[in-house]
Amino acid sequence: MRAWTVIGYSVICAALLLLFSQIQDFLKYVFSLGALYLGIHFFRRYESRGMRIAFVATSVVLYFVFTIIYAMYLFVQQHPTGA
Numbered sequence: 014m015r016a017w018t019v020i021g022y023s024v025i026c027a028a029l030l031l032l033f034s035q036i037q038d039f040l041k042y043v044f045s046l047g048a049l050y051l052g053i054h055f056f057r058r059y060e061s062r063g064m065r066i067a068f069v070a071t072s073v074v075l076y077f078v079f080t081i082i083y084a085m086y087l088f089v090q091q092h093p094t095g096a
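The numbering of the sequence shown is our numbering, which starts it at 14 and goes up by one.
Wrong hints could be hidden among the right ones.
Pair ranges (Cβ atoms, derived) [stated by the list, open to error]: (1) Val-89 with Ile-20: 42 to 52 angstroms; (2) Pro-93 with Tyr-50: 37 to 47 angstroms; (3) Leu-87 with Glu-60: 32 to 42 angstroms.
Since the hints were derived computationally from the structure, they do not count as laboratory data. Positions of the beta carbon are idealized from the N, C-alpha and C atoms, including for glycine.
Make the full structure from the sequences, and use the hints.
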């Protein structure tokens with residue numbers, strides 16, 4: 014159960030950080046504050062050091078995975094192959 018909780022929080026936090034890094038408007042700061050709020054909420058709820066380390070590490074790894082997936086999506090959209 015704890016692993017799913019960490020994964021769930023990490024996926025949401027990584028998605029918010031991805032949106033923060035890709036949007037070039039003032040709205041990007043809302044996503045940054047959302048990720049910060051989610052991290053604070055997680056740290057208040059789970060006080061064990063292992064859960065916190067797992068949350069931060071999983072969020073960073075998922076952020077990079079989501080960024081690579083988004084870059085591949087943009088590449089496919091900009092370079093369609095003709096039949």
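Item checked: Hints the structure fails to honour -> 1
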